[in-house]
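K.L.:
Here's the letter readout for the chains.
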Amino acid sequence: MNSATDPVVLGEQEADFSAVDKARVVEALARVLPAGALMYDAEELRPYECDGLSAYRQMPMVVALPTTEEQVVAVLKVCSEMGVPVVARGAGTGLSGGALPHAFGVVLSLARFNRILHLDPHARTAVVQPGVRNLAISEAASPHGLYYAPDPSSQIACTIGGNVAENSGGVHCLKYGLTVHNVLRVRGVTIDGEIVEIGNHGLDAPGYDLLALVIGSEGMLEVVTEVTVKLTPKPQLAQCVLAAFDDVIKAGEAVAEIIAAGIIPAGLEMMDQPATAAVEQFVRAGYPLDAKAILLCESDGTPEEVAEEIERVRAVLERSGATEIRVSRDEAERMKFWAGRKAAFPAAGRISPDYYCMDGTIPRKRLGEMLTAIQEMEGKHGLRCINVFHAGDGNLHPLILFDANQEGELERAEAFGADILELSVALGGTITGEHGVGIEKINQMCSQFTRPELTMFFRVKGAFDPRALLNPGKAIPTLNRCAEYGRMRVSNGHVPYPDIPRF
Amino acid sequence: MSDLTEQWRERVCAAAAAGTALQVRGGGTKDFYGRTPVGEVFDTRGHAGVVSYEPTELVVTVRAGTPLAELEALVAGSGQMLAFEPPHFGAGATVGGCVAAGLSGPRRATAGALRDFVLGVRVLDGRGEVLSFGGQVMKNVAGYDVSRAIAGSLGTLGVILDVSLKVLPRPVAETTLRFAIGEKEAIDRLNDWGGQPLPVSASVWADGVLQLRLSGAEAAVRAAERKLGGEVLADEAADALWQGVREQTDGFFADAAPGEVLWRLSLPSSAAPVKLPGKQLIEWGGALRWLRSDAPAAAIRERVAALGGHATAFRGADRAGEVFQPLPAPVMAIQRRLKQAFDPAGIFNPGRLYDGI
Ligand SMILES: Cc1cc2nc3c(=O)[nH]c(=O)nc-3n(C[C@H](O)[C@H](O)[C@H](O)COP(=O)(O)OP(=O)(O)OC[C@H]3O[C@@H](n4cnc5c(N)ncnc54)[C@H](O)[C@@H]3O)c2cc1C
Ligand SMILES: Cc1cc2nc3c(=O)[nH]c(=O)nc-3n(C[C@H](O)[C@H](O)[C@H](O)COP(=O)(O)OP(=O)(O)OC[C@H]3O[C@@H](n4cnc5c(N)ncnc54)[C@H](O)[C@@H]3O)c2cc1C
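For the record, the sequence lines run as chains A and B. Position 417, counted from 1, in the first sequence is what full-length UniProt numbering calls 417; the numbers after and before it change by one each time, with no gaps. Position 8, counted from 1, in the second sequence is what full-length UniProt numbering calls 8; the numbers after and before it change by one each time, with no gaps.
Derived from the structure by calculation, the hints contain no laboratory data. Some hints could be false.
Heads up, simulated SDA-like pairs for lysine to any residue below, C-alpha to C-alpha not over 25 Å straight-line [unchecked claim]:
| no. | chain 1 | residue 1 | chain 2 | residue 2 |
| --- | --- | --- | --- | --- |
| 1 | A | 234 | B | 10 |
| 2 | A | 234 | B | 254 |
| 3 | A | 230 | B | 169 |
| 4 | A | 230 | A | 155 |
Just a few of them, taken from the derived set where beta-carbon distance is under 7 Å, the chain A residues facing chain B [what the hints assert, rightly or not]:
| no. | residue |
| --- | --- |
| 5 | 169 |
| 6 | 206 |
| 7 | 213 |
| 8 | 217 |
| 9 | 409 |
Here are the computed distance ranges between Cβ atoms for each label pair [stated by the list, open to error]:
| no. | chain 1 | residue 1 | chain 2 | residue 2 | range |
| --- | --- | --- | --- | --- | --- |
| 10 | A | 324 | B | 247 | 19 to 29 Å |
| 11 | A | 145 | B | 19 | 56 to 66 Å |
| 12 | B | 13 | A | 58 | 15 to 25 Å |
| 13 | A | 120 | B | 36 | 38 to 48 Å |
| 14 | A | 13 | B | 173 | 51 to 61 Å |
| 15 | B | 51 | A | 292 | 55 to 65 Å |
Idealized CB from N, CA, C, for every residue including glycine.
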């Protein structure tokens, strides 16, 4: 009854891979990969020991760098036959430890899959390999007046394979959608070495929507080898409004008022005063430093459309009590408004030796409660936090500032983060809007989902990866882990936020 | 848990134990769709009503038995809409049936499909467990995106209890333009326009006439109208046109000859004219082509696959055979295992999607 394919025990406890024999795996992989595509010396493995969440580190056993799909198939077949875990990797910019290696596993890097295979300006699609950088797609589409809409801040570095695995978003996803709304087809290889094509170049596919399952699956279902993305016409014009508020709650209400007025801006971002101060030192975006919060609201479209929308936005902001409203007069000024927002992460890195980026999403109307609670948590954990939000869709990126060289600060930062995530769930939201669960938020999954729901996730994984070899130990917590975590939370005193109804 | 949900759980557990097939059914307006429904009718209409609606959050959560018309009227009251314009195909359509069928209407090509607007679901699975996936927020990547996979599963994975949908503001202005052009030229133009920042929100071509709907800010619609030319339709005529296309009451659909099958061909928008015997109506900027034809199914499927798409025998076909395009073996194997994961006893709408699923 204890085989991993038995659905009843799937997900009960962490699998043990310590019997994997490195020498035998290296030998088997060397037979299917060309010279220079296999690494197993500590020196060479070091760059792979973490992703963007550098607090978590693990040296892999082996790194494979295939160049062709046949090689990917061969590597996966070897791993499947020998029972070896496989962790796919793009650029390693993930912020939840999704690409964190497995001690007894193979890191399968898709870095050499870096070609745009086909771009069809008439059909507005591009077929790309998974290691192609997000921004490279928009650059290739640009001469045709097109671009790839999802624009994570890491777009100069992150890959489309990583974007598919995380269902990444960007500052424009309120209007243009996330990765799941902009990918038409994914070709991939299962752990058994089967090639599966999911979706197609039309607008739907027959059968269950496997594309929805694969997008955001954090490398747990299959290894992506080719992606068809939808390209969007570049708007003729974009203009940005910067509004200052003397109160964070008022700024939050202004966001709701904009939506209530029937406006879906191209971007709607908010920063609190400490965040504005941090970026201002760094990029001099000209933000009003006396404001308790600022909003950036972007409008795009035809010149007529933009003019009309900006006027409507201005009227709403005035009614909502903005203390100052500036409208970008030209492209240079618009870029300047955005420069500050886009520099928020590096700016956090400037004012603090380390920072920890959170990713909870809550219903917008709970924003005030969340901000008040975060202020209290700063006192409780003795750490500062600066706040930037994708305000339009309620996605928060509190940046907790800490110094890993100070005894206990990393642990306090993690406890602070866990409190924010627990509160996100309690407020009717989710622990992750776009960065993924990975290893980082795996415990909080136990708060967001019930035991039967977690078991169903393991069954869904089993439909693609029956032996549970792809990225094991990530994204979906085993039931044993949840039992541990439950004990931990309760022994800390009490269940968090007992007075808020759960739903 | 409500008494009704408790009763439903008991019924599902009993059916699973006895191996009794259940035909999950809302208003029955889509009984014609998919392979032949079998099993005891499991009527979802008792579980109705709006759970929550917050216009400024752009989210509505409703029980699956709620009439679709009621939901649409509710959001229209706040100047909002279901942007994917789902077809009702009859007065009694429920929200659950709409989500399970996964069909989208004229606005789909530019606004997105039904699945794009599903934020969360609560389902009753084949073990009698009530499970929640997704939620009420716009961005959520915790766990696999099961709620979007439930959309379009034709009731074969479980009984949808509640669903949270993203809603959008209704456009301020709308206008419909008419052009007399042939099939090839219509496909070319639609793709050219698709590559430009124009506020196109629907298109339909049939019988040498292309009609194009523009929606958005007043200024944008007027500017596009001037740029594109064509003849402007009166508002009532335009409303009737799009309603007829969405609900398939338009002449093209109504006039099917006996023996003809209505095929739904989903293709890359720029695919060449299909050149299959029969009559056609083209939607979604070229990506959806309806074909009334008596040609053999195999010939249609082969041609459509060669063009990079798939074909569904939408109405009037032999529903004992496959209605949806057969899938390659490795993809079919995953589909079967997914069905098994949710419904191990195979009780929900067995065989409605594919033989054995
Ligand atoms: C400065 C900075 C800013 C960021 N801003 C944003 C933002 O605005 N929005 C946002 O959403 N994210 C953001 N991120 C997070 C990150 O960039 C994204 O999650 C990105 O999609 C990860 O891509 P990657 O290529 O680096 O993937 P990796 O980090 O290499 O991998 C991420 C996950 O994808 C899996 N994976 C990678 N390639 C494949 C493949 N071919 N097949 C199967 N699985 C695969 C991995 O196993 C892992 O689970 C930011 C990160 C940084 C460092
Ligand atoms: C893949 C990638 C893409 C990027 N894209 C952009 C961009 O488009 N525009 C832009 O302005 N900046 C971008 N950055 C950020 C930028 O490269 C540096 O992080 C920033 O300039 C930090 O400056 P520094 O050298 O002073 O500090 P560093 O020494 O690099 O780091 C400062 C502190 O920040 C932490 N840190 C750095 N990066 C991360 C991270 N990704 N996640 C968590 N903690 C982190 C470090 O642990 C350290 O404590 C990107 C970073 C990465 C990794």
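K.L.:
Hint by hint, say whether it matches the structure.
P.N.:
Quick rundown of the hints versus the structure:
Between residue 234/A and residue 10/B the alpha-carbon distance is near 54 Å, which puts this suggested pair outside the 25 Å criterion. With a CA separation close to 40 Å, the supplied pair residue 234/A and residue 254/B exceeds the 25 Å bound. For the hint pairing residue 230/A with residue 169/B, the CA-to-CA distance comes to about 24 Å; that is within 25 Å, so the pair holds. For the suggested pair residue 230/A and residue 155/A, the alpha carbons sit about 17 Å apart, so the restraint of at most 25 Å is met.
The interface hint given for residue 169/A is met, as the beta carbon of that residue sits about 6 Å from the closest beta carbon of chain B, less than 7 Å. Satisfaction of the interface hint for residue 206/A is found here, the shortest Cβ-Cβ separation to chain B being roughly 4 Å, below the 7 Å cut-off. Proximity of residue 213/A to chain B holds as hinted, the smallest CB-CB distance being about 5 Å (cut-off 7 Å). Residue-level restraint check for residue 217/A holds (minimum Cβ-Cβ distance to chain B is 6 Å; threshold 7 Å).
About 27 Å separates the beta-carbon of residue 409/A from the nearest beta-carbon of chain B, more than 7 Å, and the hint is not met. The supplied range of 19 to 29 Å is broken by residue 324/A and residue 247/B, whose beta-carbon atoms lie about 50 Å from each other. About 58 Å separates the C-beta atoms of residue 145/A and residue 19/B, a value consistent with the hinted range of 56 to 66 Å. Between residue 13/B and residue 58/A the beta carbon distance is about 43 Å. The supplied range of 15 to 25 Å is therefore violated.
Evaluation of the 38 to 48 Å hint for residue 120/A and residue 36/B yields a pass: the beta carbon distance comes to about 39 Å. Distance hint for residue 13/A and residue 173/B: a CB-CB separation of about 59 Å, consistent with the stated range 51 to 61 Å. Here the CB-CB span from residue 51/B to residue 292/A is close to 35 Å, at odds with the stated 55 to 65 Å.
In this structure, the hints that do not hold are numbers 1, 2, 9, 10, 12 and 15, in rising order.
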